[in-house]
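Trainee: Next come the chains, spelled out residue by residue.
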Amino acid sequence: MEVERESLRARQLRARDLLRGDLEGRDLEQHVEERLLTTTLENALNWGRANAIFPMTFGLACCAIEQISLVTSRYDIARFGAEAFRATPRQADLLILSGRVSIKMAPVVRRVYDQMLEPKWVMAMGACSSSGGMFANYAVVQGADKFMPVDVHVPGCPPRPEAVLHGLNKLQRLIRGQPDLGWRQRYNAFGTEEWARLETGEPTPEAIERAALAVAPKHSETGERGIEVPGTESDA
Amino acid sequence: MPDAPGLELIAQGIEEVRQGTVIETSFEHDRATLIVNPENVLHALTWLRDTPEQGYRFLSSLHAADYLPASPRFAIHYELICRERVERINVKALLEDPASGETNGASSDAERLPEIDSCVALYPTADFQEREVYDFFGIVFRGHPDLRRIAMPENYVGWPQRRDFPIGGEPVLFTHNEIEAPRWFE
Chain A
1 MEVERESLRA RQLRARDLLR GDLEGRDLEQ HVEERLLTTT LENALNWGRA
51 NAIFPMTFGL ACCAIEQISL VTSRYDIARF GAEAFRATPR QADLLILSGR
101 VSIKMAPVVR RVYDQMLEPK WVMAMGACSS SGGMFANYAV VQGADKFMPV
151 DVHVPGCPPR PEAVLHGLNK LQRLIRGQPD LGWRQRYNAF GTEEWARLET
201 GEPTPEAIER AALAVAPKHS ETGERGIEVP GTESDA
Chain B
237 MPDAPGLELI AQGIEEVRQG TVIETSFEHD RATLIVNPEN VLHALTWLRD
287 TPEQGYRFLS SLHAADYLPA SPRFAIHYEL ICRERVERIN VKALLEDPAS
337 GETNGASSDA ERLPEIDSCV ALYPTADFQE REVYDFFGIV FRGHPDLRRI
387 AMPENYVGWP QRRDFPIGGE PVLFTHNEIE APRWFE
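Respectively, the protein sequence lines represent chains A and B.
In terms of the numbering used here, the first sequence opens at residue 1 and continues consecutively.
In terms of the numbering used here, the second sequence opens at residue 237 and continues consecutively.
Subject to a maximum C-alpha distance of 20 Å in a straight line, what follows is the list of computed DMTMM-like cross-link-like pairs (lysine to aspartate or glutamate):
1. K104(A) - D371(B)
2. K328(B) - D239(B)
3. K170(A) - D151(A)
4. K104(A) - E406(B)
5. K146(A) - E406(B)
6. K104(A) - E390(B)
7. K120(A) - D93(A)
8. K328(B) - E275(B)
9. K104(A) - E368(B)
10. K170(A) - D180(A)
Derived by calculation from the structure, the hints in this document are not laboratory data.
These numbers come from a predicted model, not from an experiment.
All chains, please: the whole structure from these sequences, using the hints.
Mentor: Below is the structure:
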């Protein structure tokens, strides 16, 4: 934080040199300290973009009901500057996939996405548009990221409006160029993946389970796992 | 809803005009069902619609069912309503699956679809419902004005609501079946 403040001071001084000539002396100093904030054009643009997201009025299934209640006074997406739902993809910059995408709907969704102007972002809301959800069948695309890029996945079936707002906050940070880290980066949890455990020789959960299965007495009719539960011995 | 004797009278009336139309009647849970020969289903429907004292002029639903281990395999259900008396009657036509014929093992048998006469001329509402049955069960309605898929994409292959159609989707790995796929992460 201290470093940032110092670099801010350095930028202010650079701006003061540009303004010299219009103002002089104490007036100049005061003007610089009170009125000026320097940044890059990109940062200023992204700040504006992140705080004025225009979502698309677009519902796919039951999640759309939760999406509608985002706008109500109870949840009030206007707190994050994203209350202006646009009825045309050409004015929208956020597409919320609220529901399952059937294989017949997928070309339509893709077309809507293609019609949106850059820069544009996509939020997959709910289990269905993220992975197919409970609809593991012939008619539903198993995850909308099979045919279009998705920036934020919000889990839930359907997600609460608060969860969608949390996803929106994550998206805003992504737009500002400071995306949140994954939990492995945040907690420095590298080396706990299954493949990493194999490399270090540490037993994986599945290896432990296989060993337990080899030791456990064979019960053909007890549980499918074959692992004995204490106190529930069946008379063989 | 006609009662059980009324159902028998209806069956008799249909039989009098054309022999061999009604195969069986069934009256269960206050539902009257005529099981008819699929060749004569239009005759049975016409009789029920046009006989003055019957007047089943409204087709409330037309749908199919697949009773896979059973033979005949498919059934088309017609649910008719007489709106003057608020009475319902079901007509059921059982259809064999021509692709399951083991006696003549020609390879073209696999593509043969069960067929039944279309009742769009009698009940215009059957148009979309017959298309839906064709879409999901692959049952062809002879004489339908525009028989093509209605819900699935038009280039879709297969009849997804048949019982031998694979459910689809993607296999999902949970902790309980993780052991069946060793080293799945590679």
